[in-house]
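Trainee: Now for the letters of each chain:
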Amino acid sequence: MSGTSATIEKRLDHLQHHFIDSDQQFESAKLGMWIFLATEILFFGGLFAAYIVYRSWYPELYIQASTELNTFWGAINTGVLIGSSLTVAMAIRSAQLNQIKGLIYNLYITIALAFVFMVIKYFEYTHKFHLGIYPGEYYTFEGIAHEKANIFFSIYYMMTGVHGLHVLIGIGLMIWLVFKAKKGAFHSGYYTPVEITGLYWHLVDIIWIFLFPLLYLID
Amino acid sequence: MATTEETPTRKIQVKRFKPEEYPEKHYLNQEKGLWAWLTTVDHKKIGLMYLMSVAFFFLVGGVLALLLRTELLTPARNFMTADVYNQVFTLHGAIMIFFFLIPSVPAALGNFVLPLQLGAKDVAFPRLNLASFYIYVIGALFTITAIFTGGIDTGWTFYTPYSSTTGGSVAMMTLGVFILGFSSILTGLNFIVTIHKLRSPGITWNKLPLNLWGLYATSLIQILATPVLAITLLLLTMERVLSIGIFDPALGGDPVLYQHFFWFYSHPAVYIMIVPGFGIVSEIISTFSKKVIFGYWAIALSSLAIAFIGFLVWGHHMFTAGQSSLANMVFSFLTFLVGIPTGIKIFNWLATMYKGSIDLKTPMVYILVFLFLFTIGGFTGIMLGALSVDVHLHDTYYVVAHFHYVMMGGMVMAFLGGLHYWWPKMFGKMYSEFWGKIAAGIIFVGFNMTFLPQFIMGSQGMPRRYYNYIDQFQAFHQFSTIGAYIMGVGFVIIAAYLLHSLLRGEKASSNPWGSRALEWQTSSPPDLHNFKHTPVIINGPYDYHKPMSEFQLGIATPHNGHGHHEEEGMDVAETEKEKA
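Chains as they are written, first to last, in full-length UniProt numbering: chain A, 1 to 219; chain B, 1 to 580.
A couple of the hints might just be wrong.
As the list claims (entries may be wrong) - Pair by pair, the computed Cβ-Cβ distance ranges are:
(1) B/ILE138 to A/VAL53: 30 to 36 Å
(2) A/TRP34 to B/ALA131: 15 to 21 Å
(3) B/ILE138 to A/PHE179: 24 to 30 Å
Simulated from the structure, these hints should not be mistaken for laboratory data.
Note that beta-carbon positions come from the ideal geometry of N, C-alpha and C, so glycine has one too.
Just need the whole structure built from these sequences, with the hints factored in.
Mentor: Written out as structure tokens, the structure reads:
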């Protein structure tokens, strides 16, 4: 380690009183995030289970209804999210190398990509509402010759809606990270929030990677 | 990460350390004022705030239970209408389960004890811990709103399609429980990380107190099962708000899917309620038998086994719901398997007591009550798990009696045992041993009077959740109601002497029970940071080989890689002076 005792103090002011050292604090935070991600998978697992049950009951419905989803924009969104996973990983790399500017730029790009995702999602939703494809009993679309068509879209709205909520939370977290980074809170000795937000963001990405083929690509 | 210069093998220099008796400054008086309490991140205070909350909800749930029993005194209507009765039993179930049983041991007692037993200063994420308390409060506020804006009459299980079509504020209630779930998840997450990462030097996995193995298994269930309840209740809320039609057959949904989802959480959830109780039993039995716990690994691993098997048995709630007969058989078989680790525990506890020098203090009395009642609850559970018998007993008072023997006879007794056991540590005050035993006896008698007749009624066909009944059951119901009143008296006595202890109780020494567990090696009440030094564990928590005077704790010093605070060095020097 380098420098005077003043810099060492600065490097340790993130350390909370109940931890022995930075390593212990970092590892705890990371383990906590992994456990949280496990709960997220089980949370979405319920929706996936509902998807599987209804798909095994009405396989032809899923194939018909899925044609109403726009594969092109879905694919674009997949690309956007995968790209944002890359930039968030680059943000962590920048923090590890003590490149605070790089960290902030990479976070900006990630936030921008997340907004692109949400905007595309917004246009997809409004297009469907325009056609009368609402969830549940408000469903009025006539284009699918299947009496349970509303169920597919209920599941679609629940899955993509809950996922979209996670994207919004991710945007909020990353804006918070940008503020903290600008204040100089992060350096190569302390970037735990960046790392665990990155983990969260990868999960959001991976869930979309499952949602996209399951909803859009089954025909 | 920040590199710390240290040699790969840490050599720990150990100094002996004795706890101070009733220190002037401790966690209860270090910071004063309401605001300091509401914003505290100290796990001990958060534990106490949980304790007050669960005590409040236990009171509410208990009063509701007494109202139900009073209504059942006669076969006809006494003082409530059938609709009110439905709302009252729903609230009794929901409040007792979601607001009392689930947070009672993990969040209230566990929060207080877990870092102490680890020799840690706090849980891994203290602010998250406080947040989870406030999430609990918000969930409770939603539920109270639901009660006053129409009530709920679905039963605590919220079965569809009734719950998606009935009046009242079911959505508000399910949202409340949804929010509550996050509190439970965050507590579980916090505990797992704390147990993994914040153990004091010397606490290896085979010196981990069995209470923590119990809490660890509980936390695993909390983080793996609760999210499924969350999504289920979210879907149910959406079902009511937007009629999405996943569970409502009128809209093309499947009500049995709801039951699968619900019990995938709620069966493991009964283990969230009972497994931490097992942990407390292990602690108390060893302490009051003055004996090494028998079969440490068997007890530790059987907690994990229960957590694991608990995820595979949810279908036994749906034997009569149109499940395939193959699934019924598999679930019935798996249900029997739960009996094995549970039996292992019971036998190991009995073996611990065998030839021990048993000290029948109040906590131990509760544990004996636990062993008796829980065994009855367990065996009747096996009977309900048997397919053909369950078809007869399903939805009768037999199920009600079984559940109360397990939850009240098991978990509440373990909770009371733990509360009395750790009471001196929490407040530094002793309670009246005499009244403690009297109350335990009254509750034991009252409990059996309340629920034994319900087994008989159930096997004779008295269905649960009915507000009136045929005349032949009247004698049983009246006996049961009188038992409930007796139990109520027992709880009033407990409240009275515990309050008295808080105000006028004599001061407790740091280790009134002569226990070897780590939480008793610090002062009562503990320091704000639990231990004045990072403790080094030399003997395990059940090591009764040596007399107490020789059982002391080591201190880690800053020079051997533990502790980074300047003052800590000072403290060590002071103790050395003390010794000299």
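Trainee: Each hint: holds or not?
Mentor: Comparing the hints with the structure gives:
1. A hinted range of 30 to 36 Å for the beta carbons of B/ILE138 and A/VAL53 is consistent with their spacing of about 32 Å.
2. Remark: the range hint 15 to 21 Å for A/TRP34 to B/ALA131 is upheld by a beta-carbon distance near 19 Å.
3. Hint check: B/ILE138 to A/PHE179, Cβ distance near 26 Å, so the stated range 24 to 30 Å holds.
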